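Asker: Given the coordinates of chain E, assemble chain Y onto it according to the supplied hints.
Protein chains: 2
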Amino acid sequence: MPFKHIALLGLGLIASSIAMALRRNNSETKITGFSRSKRTRRKAEKIDFCKVSESISDCVLGADLVILCVPVGAMGDLMQRVAPYLSKGTIVSDVGSVKVNVISEINPFIPKEVIFVPAHPLAGTENSGPDAGFATLFDNRWCILTPTDQTPIDATKKVKKFWQSLGAEVCEMDASHHDLVLSVTSHAPHLIAFTMVGVADEFSKVTNSEVINYSAAGFRDFTRLAASDPIMWRDIFINNKDAALEILGRFTEELFKLQSAIRRKDGDFLLKYFERTRSIRRNIIEAGQDTAEPNFGRKK
Amino acid sequence: MPFKHIALLGLGLIASSIAMALRRNNSETKITGFSRSKRTRRKAEKIDFCKVSESISDCVLGADLVILCVPVGAMGDLMQRVAPYLSKGTIVSDVGSVKVNVISEINPFIPKEVIFVPAHPLAGTENSGPDAGFATLFDNRWCILTPTDQTPIDATKKVKKFWQSLGAEVCEMDASHHDLVLSVTSHAPHLIAFTMVGVADEFSKVTNSEVINYSAAGFRDFTRLAASDPIMWRDIFINNKDAALEILGRFTEELFKLQSAIRRKDGDFLLKYFERTRSIRRNIIEAGQDTAEPNFGRKK
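Protein sequence lines correspond, in order, to chains E and Y. The first sequence lines up with residues 0 to 299 when you count with numbering that gives the first Met the number 0. The second sequence lines up with residues 0 to 299 when you count with numbering that gives the first Met the number 0.
In case anyone wonders, no lab produced these hints; they're calculated from the structure. You may find that some hints are simply not true.
What the hints assert, rightly or not - Pulled a few chain E residues facing chain Y out of the computed Cβ check, cut under 7 Å:
id : residue
1  : V210
2  : P229
3  : T276
4  : I279
Said to hold, decoys possible - Once the Cα atoms are required to be at most 35 Å apart in a straight line, the calculated DSBU-like pairs of lysine-lysine come out as:
id : chain 1 : residue 1 : chain 2 : residue 2
5  : E       : K264      : Y       : K111
6  : E       : K256      : Y       : K204
7  : E       : K156      : Y       : K204
8  : Y       : K45       : E       : K271
9  : E       : K37       : Y       : K264
10 : E       : K264      : Y       : K256
11 : E       : K240      : Y       : K264
12 : Y       : K271      : E       : K240
13 : E       : K37       : E       : K157
14 : E       : K204      : Y       : K45
15 : E       : K204      : Y       : K271
16 : Y       : K256      : E       : K240
17 : Y       : K45       : E       : K240
18 : E       : K264      : Y       : K37
19 : Y       : K271      : E       : K37
20 : Y       : K271      : E       : K45
21 : Y       : K240      : E       : K264
22 : E       : K204      : Y       : K37
23 : Y       : K37       : E       : K271
None of the values given here were measured: they were computed from a predicted structure. For glycine and all other residues, C-beta sits at the position ideal for the given N, C-alpha and C.
So that you can see chain E by itself, here it is in the shape it has in the complex (with noise of 0.2 Å):
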């Protein structure tokens, strides 16, 4: 573990589970936290994964690594904030969702002499808080680096080392096809979800009772990702607007095709469609990303 001690700036569901995974390692690094709420710091103080700050200052006074955990719409101002009191070689990082704006709004206000290396755990759950983490969730999950030119090598290093020791695998891309990458596996799936749900609601045909009760045979599992965090998601379609909207036009042309076969009753189409997109599955589960076992939502 390269660093003594670690500031987690915002106390949800990737600080929470940050400093869990942490502790689960009996690692000795010390781990401060703040959160602008109030009420969000007297939850984490019971749950007690960290040591909970009561100002900015004294979270990171002493820190060697501060990792901003905040909405992608908050990262700016809240680097702003902080940037008076950290010290010369304090390594800053994030876990934003979007990179090419994020480094843009946090890089203005790096001091002189503090390194900032972006990061981005691809881990997460439809639940938020600091009440909803857990030592686990980044164990055999992504942690996608995106030094800037201004990034030390070693730095990159530390931030690499940091978080294969919470259990992630570590790469780097370049900030901008990061986040072409992630408009297509989250943002535009995301984005598809939320419509799905948002339709389903206003459809006046069928009742709310109707979509609920008979929502195990596909819906649901919409409803799991249409229920993540809403501010969260709001900061990350504005903040990787022309990535979202590219993947969301490409969607709107290939739905339109599927359309057309249906209306058409070109079954040859579909089925071909459909077998293809099927290998696909077993490609993720080969990747370790899934497990071959089937969901039907019912663990007790």
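Answerer: Frame of chain E; chain Y shown alone:
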């Protein structure tokens, strides 16, 4: 258990699960099964969830309940082939995911003094074939009966008892309303998942291995749906064309609204939308159709 001998025509996920659920209850009911595919018959014999017959006539000989467990597009043909071998008073039921079209395909071949009770158990996984079945598939899941004008109330009651004995909750619905409800809760979500997976597969700026590696951020849940049986889904969309196209039309309109909000960076609109969809998730958990446990794709 109101039936002494149940014949299963088709030996996939649903048929094998029916047999296993019956056996779990130590039911004395005789279970015979037939599949047109020799390979499937041998597989079923190996798993040994029912007595496998070598012909359709052998399978239904003496059966008081015959269940058609084949894809929606094969129902009419199967009914025509089995009709000559049915005795007076036999009840025929099915498990088709579409009801209006399936009823109109099956009904013309129902012999006089044979009774048809259309049914649709809302249960399944992304896996298919006789080895995908398991005894608890129907526990706490809905089975929707859509009796026609010619279905005697007594027969509907018997089929209701049958599904209840398998662990399902049973309700009745008009066939055309069923098709609309399912187009919202199942058919549209599946088509959208197929589309999203197809887009990701074809998007050349992001490699397939990137999509697969970083799928845990949302995309993975779509691949689960998009891995469902291709023949089954081809038949569903062709046989429930009008309802599917109606919902997909609504979906596209709604998606355009959200895309436009992203383009305009209208954070308030997005936030309100996402808060609404989140609350629907809570209602599904309260209705017992999913657990609140976070899904992070690893159960090991």
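Asker: Would you mind marking each hint as holding or not holding in the structure?
Answerer: The hints, checked one at a time:
Interface restraint check: V210(E) against chain Y, minimum CB-CB distance 6 Å, threshold 7 Å, status holds. Proximity of P229(E) to chain Y holds as hinted, the smallest CB-CB distance being about 4 Å (cut-off 7 Å). Residue-level restraint check for T276(E) holds (minimum Cβ-Cβ distance to chain Y is 4 Å; threshold 7 Å). Using the Cβ-Cβ criterion of 7 Å, the hint placing I279(E) at the interface with chain Y is satisfied: the shortest such distance is roughly 5 Å.
Between K264(E) and K111(Y) the alpha-carbon distance is near 33 Å, which keeps this suggested pair within the 35 Å criterion. Only pairs whose Cα atoms come within 35 Å are accepted, and K256(E) paired with K204(Y) is accepted, the gap being roughly 21 Å. About 27 Å separates the Cα atoms of K156(E) and K204(Y), which keeps this hinted pair within 35 Å; it holds. As the CA atoms of K45(Y) and K271(E) are separated by approximately 31 Å, the hinted pair is consistent with the 35 Å bound.
Of the pairs offered as hints, the one joining K37(E) and K264(Y) holds, with about 30 Å between alpha carbons and a cut-off of 35 Å not exceeded. Proximity of K264(E) to K256(Y) is assessed by CA-CA distance (about 29 Å); at most 35 Å being required, the pair is judged to hold. Taken as a hint, the K240(E) and K264(Y) pair is honoured in the structure, with Cα atoms around 8 Å apart against an allowance of 35 Å. Annotation: proposed proximity of K271(Y) to K240(E) holds, straight-line Cα distance about 18 Å (limit 35 Å).
A C-alpha spacing of about 32 Å is found between K37(E) and K157(E), which places the hinted pair at or below 35 Å, so the restraint holds. A C-alpha spacing of about 46 Å is found between K204(E) and K45(Y), which places the hinted pair above 35 Å, so the restraint is violated. Straight-line distance between C-alpha atoms of K204(E) and K271(Y) comes to about 23 Å, which keeps the hinted pair within the 35 Å bound. A distance of roughly 14 Å separates the Cα atoms of K256(Y) and K240(E); the hinted pair therefore holds under the 35 Å criterion.
Under the criterion of a C-alpha separation no larger than 35 Å, the hint pairing K45(Y) with K240(E) is inconsistent with the structure, at around 54 Å. At roughly 30 Å between alpha-carbon atoms, K264(E) and K37(Y) fall within 35 Å of each other, so this suggested pair holds. Between K271(Y) and K37(E), the direct Cα distance comes to roughly 24 Å. Compliance with the 35 Å bound is thereby established for this hinted pair. Between the alpha carbons of K271(Y) and K45(E) the distance comes to roughly 31 Å, so the proposed pair stays at or under 35 Å and holds.
Using a Cα cut-off of 35 Å, the hinted pair K240(Y) and K264(E) holds, with the two alpha carbons roughly 8 Å apart. Pair hint K204(E) plus K37(Y) does not hold up; C-alpha atoms about 44 Å apart against a cutoff of 35 Å. A distance of roughly 24 Å separates the Cα atoms of K37(Y) and K271(E); the hinted pair therefore holds under the 35 Å criterion.
The structure does not agree with the numbered hints 14, 17 and 22 stated previously, though it agrees with the rest.
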